[in-house]
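Trainee: As a plain string of letters, each chain reads:
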Amino acid sequence: MLGKLSLSAIPLHDAIIMGAVYGSLVLAVIIIALLTWFRKWSFLWNEWLTSLDHKKIGIMYMILASIMLLRGFSDAMLMRSQQALAAGANPGFLQPPHFDQIFGSHGTIMIVFVLMPFLVGLMNIIIPQQIGARDVAFPLMNSISLGLTIAGAFLVMISLGVGQFTTAGWSGIAPLFEKQFNPSTGVDYWMWAIQISGVGSTLTAINFLVTIIKMRAPGLTFMRLPLFVWTALTTNVLIVLSFPVLTAALFLLTLDRYLGMHFYTNDLGGNMMLWNNLFWMWGHPEVYILILPAFGVFSEVVATFSRKKLFGYKSLVYATVAIMFLSFTVWLHHFFTMGNTPAVNVFFSITTMLIAIPTGVKVYDWLFTMYRGRITFSVPMYWTMGFLTIFVLGGMTGVLLSIPPADFVFHNSVFLIAHFHNMLIPGALFGYFAGIQYWFPKAYGFRLDEKWGKRAFWGWFIGFLLAFIPLYILGFMGMPRRLSHYYNLEWQPLLIVALAGAVMILFGILCLIIQFIVSIKNRKANVDVTGDPWNGRTLEWATSSPPAEYNFAIIPNVHTLDEFWDRKERGIAYQRPEKYHDIRMPKNRPHGVIICALALTFGFAMVWYIWWLAALSIAGIIGTVIISAVTNETEYVIPAHEVQRIEEERFRALAAAQDSGNI
Amino acid sequence: MQNSMESTYPAEWHEADRLEIQMLGFWIYLMSDLVIFAILFATFIVLGQNYAGGPGPKQLFDLPYLFGETMLLLTSSVAYGFGMVAMQQEKKNAVLAGLGAAFLLGAGFVAMEIHEFYGMIMAGHGPSHSGFLSSFFALVGTHGTHVSFGLLWMAVMMIQLLIKGPTVVVRSRLMRLSLFWHFLDIVWVGVFTVVYLWQVL
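Protein chains in written order, with this note's numbering: chain Y, 2 to 664; chain V, 9 to 209.
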């Protein structure tokens, strides 16, 4: 009846895991109790969970990413502490099987459930506003994508307390992840978590591609798109082309593990290297999926805070598109050691080096944008400058790794660990932090505290250097990745420095949390009445903060790049339209929540071999999709006089702000 | 001046815009699905010679049978095409007849495929016996699953057509199903060529 599931699946004997489990459960109980006490369930259901408003869906993505960041960071702290301790006679405090799960869950969570939701969340909040649209192309599908992402994240969290997580790394190690070598639930949790959220990502990409291609305001030609929209566009092209590869690769692994087939096995005609090829055909574009939109954020931030037009807009666009194409031609550099002919390795080595060129173009464009600009050193700018300094270092170590003979030495050493953290932390995470700081007033209507924001930056910046420069050195000293224990005592001092770096990052995270608390407390003082707190350039700053549900009462006509800036220059940014029209917006629909629950049930049932439940939940998902198509009335009308009332209120607030000299 | 800053764009999305948006979305979905098939084809090409001591294509595949199967799927597409022509001419019953014929022919295709798989598994040549068989069942089975979902979709659309009539929404869904159905045809032509013809001849 319950498949493999029994009470013994809960690791009651492991104090560390149970501590985390009890902690999460207590937190969940507190949240449920608070929701019940303040009678907020219907608010949560009506205003958030079933909402199809792209801005609210975006905020929910951001919340998911922030929670998962804490979880992923806890894993990092455990690994750093273990490696600082477990030298020579000291075994450390983590058993090897537990340590192996931690590096797998750290990678999976950080890539799939932190960076991806940050990226999709920012796209959701900002893209429709930047292109002058009222919503995305498929609002219901948007909510379903969110549901699938949350279902995947829940699966990873459940694996903490029921069963275990994969011991074969976040990228999967063939044939170690086969049933024969890994019979427990770990690989299945990992596989289904990524599979389910991956489908959500593909749907998101389809949604945003159509939104950007079809729903731009009139006059907003492609060469007038803000850079963030351009990078989102290329990222979504990459998602649509690469996530299906992952879907197929994981599907074949499913067949291996559940039906005993031979795709990645080391016997009966399977091919282990097939997995590496397929995984990295997704995995490498995935790096650019995460980094390109962050480049977009940096471009917006640099231009706004330098009070200048972006230097080399066209070259930035072409560089973005070049990176998009090149990112599909480099996957093999993840396994130069596979045993290809030199010709194959050389091809992928050269394409890898080529990527440095468009990236370099971008770095110079940002620098030249700042050159002779009137720079305001606000928090988003801190993150951008921090990115520029450390990202270049990561890029150079990347060029080192792209040389096959050098890669033979560094392969699977901690040098590689340092390199890709050096790309993803400044390249992606700093970008999303910059984006959060930059667009927070737009989403919530008040600014974040500058002082604590800067403290958070320094925590992350110094912490990053302390944590990862030692890993570069340790890589030169020959330390392999994924060690739960080592005998070479020369490594220990540097690993202790790395732990100190992780503690610094913890300080940065705490500052971020304090920043949010302080800002919420002082939200009256930091309120953003104009909707344009940074003197911005692009259309999202033309809406109020937070924007009305329909974003734009009148869809703007775009004449130039940096349309909003141009309007402010000409003094026509805040004009009353002659008349308002009725606006149709999507009604709330519960299908996203239902599919989230069913997908989670399906994943859990598959992990534990509860076949009847898996079949039932799949039937439920298909049924939900069919039923969702029956409804005819999916929209409601905001009448023109209501629109007028909302807009008049905004104009009054603007006038008041003008009087008090806030504009 | 003020007027030029305001859009002359329709305040509402017209149905035509909506249709175009949905069509583009569906095309992009088809493209992503095609990537899945591309990977399965590539996997078949990589693993297709790994018989692991078991039987190969020459022992397993019956080309005349498969030709019949192929004809069922292709004529199903033709029938669907006639249904769509009837939709342009606003003939509801002819649309239903076209869809019904397409459904039956498609169901025949799936039945023949299941029969083929069943025969192979019963003869001891199931997917777990070699890399070749695994990649064969994965590719052909994924296509068959797509066809089955297409049939389910077709059944739902016939019911919607009966209950709602040829509304704008129903017609646009029928157009997307049409794309899907022809798409599966094209993939099948690839399967028939790469998996069956190429391996046997």
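Mixed in with the good hints there might be a few duds.
With a straight-line Cα cutoff of 30 Å, these simulated BS3-like cross-link-like pairs (lysine-lysine) come out [as the list claims (entries may be wrong)]:
| no. | chain 1 | residue 1 | chain 2 | residue 2 |
| --- | --- | --- | --- | --- |
| 1 | Y | K455 | Y | K56 |
| 2 | Y | K525 | Y | K452 |
| 3 | Y | K525 | Y | K41 |
| 4 | V | K172 | Y | K215 |
| 5 | Y | K588 | V | K99 |
| 6 | Y | K522 | Y | K455 |
For the chain Y half of the interface with chain V, some residues (derived, Cβ under 7 Å), not all of them [as the list claims (entries may be wrong)]:
| no. | residue |
| --- | --- |
| 7 | A138 |
| 8 | V211 |
| 9 | P245 |
| 10 | R258 |
| 11 | N267 |
| 12 | L269 |
| 13 | G271 |
| 14 | M273 |
| 15 | L275 |
| 16 | G621 |
| 17 | I622 |
| 18 | G624 |
| 19 | V626 |
| 20 | I628 |
| 21 | S629 |
Residues from chain Y that keep clear of chain V, each with C-beta distances beyond 10 Å, as calculated [as the list claims (entries may be wrong)]:
| no. | residue |
| --- | --- |
| 22 | I33 |
| 23 | A206 |
| 24 | L210 |
| 25 | K215 |
| 26 | V246 |
| 27 | A250 |
| 28 | H263 |
| 29 | M354 |
| 30 | T390 |
| 31 | L466 |
| 32 | I510 |
| 33 | E643 |
These are calculated hints, taken from the structure and not from any lab test.
Think of the CB as a built atom: it goes at the ideal place given N, C-alpha and C, for glycine as much as any other residue.
Trainee: Is the Cα-Cα distance between K588(Y) and K99(V) 30 Å or less?
Mentor: The given pair, whose Cα atoms are some 34 Å apart, is violated under the 30 Å limit.
Trainee: Can G271(Y) be said to touch chain V, with a Cβ gap under 7 Å?
Mentor: holds (5 Å)
Trainee: Report holds if the minimum CB distance from T390(Y) to chain V is greater than 10 Å, and violated otherwise.
Mentor: holds (38 Å)
Trainee: Can you confirm whether the C-alpha distance between K455(Y) and K56(Y) stays at or below 30 Å?
Mentor: holds (26 Å)
Trainee: Under 7 Å is the threshold here; is the Cβ of L269(Y) close enough to any Cβ of chain V for the hint to stand?
Mentor: holds (4 Å)
Trainee: Starting from K522(Y), check that the Cα of K455(Y) is at most 30 Å away, please.
Mentor: holds (18 Å)
Trainee: M273(Y) was flagged as interface toward chain V. Is the shortest Cβ-Cβ separation under 7 Å?
Mentor: At 11 Å from the nearest chain V Cβ, M273(Y) fails the 7 Å test, so the hint is violated.
Trainee: According to the definition I'm using, a residue is off the interface if its beta carbon is farther than 10 Å from all beta carbons of the partner; does E643(Y) meet that for chain V?
Mentor: Holds, because the least Cβ-Cβ distance between E643(Y) and chain V comes to about 14 Å, which exceeds 10 Å.
Trainee: Taking the least C-beta to C-beta distance, is I622(Y) closer than 7 Å to chain V?
Mentor: Since the shortest Cβ distance to chain V is 12 Å, the answer is violated.
Trainee: Against chain V, does L210(Y) hold up as non-interface, every C-beta pair farther apart than 10 Å?
Mentor: It is violated; L210(Y) is separated from chain V by about 6 Å at its closest Cβ, not greater than 10 Å.
Trainee: Hint V211(Y) vs chain V: min CB-CB distance below 7 Å?
Mentor: holds (5 Å)
Trainee: Is the interface hint satisfied for R258(Y)? The criterion is a beta-carbon contact with chain V at less than 7 Å.
Mentor: violated (12 Å)
Of the numbered hints listed earlier, those contradicted by the structure are 5, 10, 11, 14, 16, 17, 18, 19, 20, 21, 23, 24, 25, 26, 27, 28.
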